[in-house]
Amino acid sequence: MKSTILSRRDLDFLLYEWLRVEELTAMERFAEHSRETFDGVLDLCEQLAERYFAPHNKLSDAQEPTFDGTAVTVIPEVKAAIEAFAKADLVGMSFDAELGGAQLPVTVAQAGFAWISAANTSTSGYLMLTIANANLIAEFGSPEQIEAFVKPMLAGRFTGTMALSETQAGSSLADITTRAEPQADGSYRVYGTKMWISGAEHEMTENIVNLVLAKIPGGPAGTKGISLFIVPKFTPDGARNAVAISGLNHKMGQRGITNTVLNFDGAVGYLVGEPHRGLTYMFRMMNEARLGVGMGAVALGYTGYLKSLDYARERPQGRLVKDPSTPQVPIIAHADVKRMLLAQKAYVEGALGLALYCARLTDVGDHALLDILTPIAKSWPSQWCLEANSLAIQVLGGYGYTREYDVEQHYRDNRLNPIHEGTHGIQSLDLLGRKVTQNGGASLTALSERIAETVRAGGADPLAAQLDAAWQRMVEVTAAMFAGGDMAATMANSAIYLEAFGHIVIAWIWLEQYLAAAGRDGDFYEGKRQAARYFFRYELPRTYPQMDLLASLDRTTLDMQEDWF
Numbered sequence: 001m002k003s004t005i006l007s008r009r010d011l012d013f014l015l016y017e018w019l020r021v022e023e024l025t026a027m028e029r030f031a032e033h034s035r036e037t038f039d040g041v042l043d044l045c046e047q048l049a050e051r052y053f054a055p056h057n058k059l060s061d062a063q064e065p066t067f068d069g070t071a072v073t074v075i076p077e078v079k080a081a082i083e084a085f086a087k088a089d090l091v092g093m094s095f096d097a098e099l100g101g102a103q104l105p106v107t108v109a110q111a112g113f114a115w116i117s118a119a120n121t122s123t124s125g126y127l128m129l130t131i132a133n134a135n136l137i138a139e140f141g142s143p144e145q146i147e148a149f150v151k152p153m154l155a156g157r158f159t160g161t162m163a164l165s166e167t168q169a170g171s172s173l174a175d176i177t178t179r180a181e182p183q184a185d186g187s188y189r190v191y192g193t194k195m196w197i198s199g200a201e202h203e204m205t206e207n208i209v210n211l212v213l214a215k216i217p218g219g220p221a222g223t224k225g226i227s228l229f230i231v232p233k234f235t236p237d238g239a240r241n242a243v244a245i246s247g248l249n250h251k252m253g254q255r256g257i258t259n260t261v262l263n264f265d266g267a268v269g270y271l272v273g274e275p276h277r278g279l280t281y282m283f284r285m286m287n288e289a290r291l292g293v294g295m296g297a298v299a300l301g302y303t304g305y306l307k308s309l310d311y312a313r314e315r316p317q318g319r320l321v322k323d324p325s326t327p328q329v330p331i332i333a334h335a336d337v338k339r340m341l342l343a344q345k346a347y348v349e350g351a352l353g354l355a356l357y358c359a360r361l362t363d364v365g366d367h368a369l370l371d372i373l374t375p376i377a378k379s380w381p382s383q384w385c386l387e388a389n390s391l392a393i394q395v396l397g398g399y400g401y402t403r404e405y406d407v408e409q410h411y412r413d414n415r416l417n418p419i420h421e422g423t424h425g426i427q428s429l430d431l432l433g434r435k436v437t438q439n440g441g442a443s444l445t446a447l448s449e450r451i452a453e454t455v456r457a458g459g460a461d462p463l464a465a466q467l468d469a470a471w472q473r474m475v476e477v478t479a480a481m482f483a484g485g486d487m488a489a490t491m492a493n494s495a496i497y498l499e500a501f502g503h504i505v506i507a508w509i510w511l512e513q514y515l516a517a518a519g520r521d522g523d524f525y526e527g528k529r530q531a532a533r534y535f536f537r538y539e540l541p542r543t544y545p546q547m548d549l550l551a552s553l554d555r556t557t558l559d560m561q562e563d564w565f
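FYI, the UniProt record's numbering numbers position 292 of the sequence shown as 292, with every residue one higher than the one before it.
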């Protein structure tokens with residue numbers, strides 16, 4: 001029986017037939033690995049997902065964490081799943097061997113973790129944050145900090161968080177007020193309150209390692225004065241730190257992971273790296289988290305697609321001809337249901353391809369291309385895999401809208417992903433305002449070259465010509481938007497730019513998959529080719545009216561006055 005959590009067949013195609021991850025073993029870092037070890041990790045993650053994570057997904061949604069004013073209580077199945085993942089040595093699967101990691105390619109680690117996210121996004125959130133936290137400290141922390149905090153996190157004894165936002169500042173980190181007072185022993189005392197901090201209180205591990213943005217008094221104003229601190233729940237000598245929550249936030253979805261208001265009342269903190277460079281360091285974790293959020297959105301969209309596909313194959317309803325004597329057919333036989341399933345397939349398999357492609361860029365160190373694709377890899381799945389979840393509900397009809405079926409929860413869980421770790425608006429400002437112009441447009445040029453390679457590989461295929469035309473139009477529009485010299489008008493519709501840009505990027509990923517499937521027989525490959533055709537015929541044409549609007553530097557939203565609402 002095929003899993004409805006994720007498709008191992010699709011993962012194998014993407015990893016081995018398209019991205020050729022076995023070639024990474026030629027690199028010194030991955031020389032100890034082989035397809036056998038890669039498959040072993042994928043098998044293990046699938047088994048853990050099925051046994052420990054999926055079974056309590058609905059339970060942790062219904063019985064969300066509680067806070068009695070002193071302690072937070074989480075259902076025991078969450079701890080059991082986290083411990084099982086840690087005991088399998090998977091927390092550190094992509095970390096350096098000297099830290100206790102397995103030095104697996106990030107591409108394989110992300111594919112494996114996708115099973116965990118699809119099975120239970122809330123419980124996987126504790127792990128995703130811990131891994132990203134450990135990566136940051138491993139890169140920028142001192143040897144003592146790595147020994148005290150990273151190694152216990154990789155062993156599963158500690159979990160980690162990122163504490164950025166504050167109630168009055170939101171995403172505007174220049175306006176944070178949390179401060180860190182230097183002490184004679186080299187430590188700091190941290191004062192302030194953070195909001196929306198996931199995983200910041202529970203009793204499931206020995207310690208919680210909070211990475212906190214704060215300002216040292218007397219430092220530069222704005223973001224240039226932000227420093228980064230490790231503020232653990234318990235200090236290395238075992239003392240309870242002055243870190244406490246004042247309450248839990250109650251969310252529409254992803255209810256199984258604690259989300260807190262976190263208070264620091266003179267808590268002991270340890271400076272990471274140099275003073276006033278905290279935001280630079282934190283971007284290491286933020287970018288990893290953004291890619292993780294994108295993959296999490298893919299996972300939720302994918303499992304919803306598989307469950308609606310399974311339902312459509314089994315649910316008899318209606319007839320293909322208006323003859324009462326004919327038997328009912330499964331709803332998958334109806335053209336409109338096929339349309340909804342095909343749309344889901346195009347969204348989730350395209351987005352999974354992009355997420356794994358970005359992971360491979362991390363493995364080979366192609367930072368220019370990764371930079372420009374990161375806002376797409378975060379935001380596009382958050383928008384369109386959420387739409388896949390909406391279509392999954394529609395396929396199930398009234399049943400899809402009930403709590404007895406999983407798809408309504410997947411939609412609620414996925415609705416957070418367009419918001420956290422940088423909203424669509426923030427990602428669009430980053431893409432248009434920074435990434436396409438940075439270093440003289442080097443990242444945009446790198447992407448153009450990669451798309452051109454795919455177009456050339458497509459030869460005379462009509463899909464190649466369609467992609468080439470759309471991308472060339474996007475490049476022209478980008479130049480036109482900056483030519484006028486009015487940055488307010490240029491940036492006014494950045495969210496539309498992000499959506500059009502993202503759709504063309506996914507079309508490119510689909511052409512890549514289409515070419516990887518060329519000349520291969522069987523239902524799987526026919527499905528790949530048909531999904532690619534769907535995307536080019538139904539989705540890519542959306543971008544042309546959007547690009548026309550962008551090129552006109554339309555001021556409708558910019559000129560709207562507050563009093564007119």
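Treat the hints as calculated values from the structure; they're not laboratory data. It should be emphasised that the depicted structure is a prediction, and the values quoted were computed from it without experimental measurement. Just so you know, even glycine gets a beta-carbon here, dropped at the ideal spot from N, CA and C. Hints may contain errors.
To be verified - Simulated crosslink set (EDC-like; lysine to aspartate or glutamate; CA at most 16 Å straight-line):
#1 K2 x E17
#2 K79 x E98
#3 K79 x E64
#4 K307 x E206
#5 K224 x D175
#6 K307 x E408
#7 K224 x E144
#8 K79 x E203
#9 K79 x E206
#10 K251 x E404
#11 K151 x E98
#12 K2 x D12
#13 K58 x E526
#14 K2 x E387
#15 K2 x E46
#16 K58 x E404
#17 K2 x E50
#18 K151 x E64
#19 K2 x D61
#20 K251 x E98
#21 K2 x E408
#22 K307 x E404
#23 K338 x D43
#24 K58 x D89
#25 K307 x E50
#26 K251 x D486
#27 K151 x E77
#28 K338 x D323
#29 K151 x D61
As the list claims (entries may be wrong) - What follows is a set of in silico ranges between Cβ atoms, one per label pair, in the way DEER data are often shown:
#30 G222 x R456: 14 to 24 Å
#31 E404 x G365: 42 to 52 Å
#32 S246 x E36: 43 to 53 Å
#33 E28 x A518: 26 to 36 Å
#34 K2 x Q530: 17 to 27 Å
We went through each hint and held it up to the structure:
1. K2 x E17: violated, 20 Å
2. K79 x E98: With Cα atoms ~27 Å apart, K79 and E98 exceed 16 Å; violated.
3. K79 x E64: Distance of about 14 Å is within 16 Å: holds.
4. K307 x E206: The given pair, whose Cα atoms are some 37 Å apart, is violated under the 16 Å limit.
5. K224 x D175: holds, 11 Å
6. K307 x E408: holds, 11 Å
7. K224 x E144: violated, 26 Å
8. K79 x E203: Distance ~9 Å between K79 and E203 Cα, so the pair holds.
9. K79 x E206: Holds, at roughly 12 Å.
10. K251 x E404: Answer violated: K251 to E404 is near 20 Å, above 16 Å.
11. K151 x E98: holds, 10 Å
12. K2 x D12: Distance of about 14 Å is within 16 Å: holds.
13. K58 x E526: violated, 34 Å
14. K2 x E387: Violated. K2 to E387 sits at ~24 Å, over the 16 Å cutoff.
15. K2 x E46: Holds, at about 12 Å.
16. K58 x E404: Cα-Cα ~9 Å, so holds.
17. K2 x E50: At roughly 12 Å apart (the allowed maximum being 16 Å), E50 and K2 satisfy the hint.
18. K151 x E64: violated, 29 Å
19. K2 x D61: Violated, because 25 Å separates the two Cα atoms, which is more than 16 Å.
20. K251 x E98: With a Cα-Cα distance of about 39 Å, the restraint between K251 and E98 is violated, given a limit of 16 Å.
21. K2 x E408: violated, 21 Å
22. K307 x E404: holds, 13 Å
23. K338 x D43: violated, 31 Å
24. K58 x D89: Status violated; Cα separation ~26 Å.
25. K307 x E50: Between K307 and E50 the Cα gap is close to 15 Å, so the pair holds against 16 Å.
26. K251 x D486: Violated - the C-alpha atoms of D486 and K251 are around 40 Å apart, more than 16 Å.
27. K151 x E77: Violated, at about 24 Å.
28. K338 x D323: Not satisfied, since the Cα-Cα distance of roughly 22 Å exceeds 16 Å.
29. K151 x D61: violated, 31 Å
30. G222 x R456: 14 to 24 Å: violated, 46 Å
31. E404 x G365: 42 to 52 Å: holds, 47 Å
32. S246 x E36: 43 to 53 Å: For E36 against S246, whose Cβ atoms are near 50 Å apart, the range 43 to 53 Å holds.
33. E28 x A518: 26 to 36 Å: With Cβ atoms ~33 Å apart, the hint holds.
34. K2 x Q530: 17 to 27 Å: For K2 and Q530 the Cβ distance comes to about 19 Å; the hint holds.
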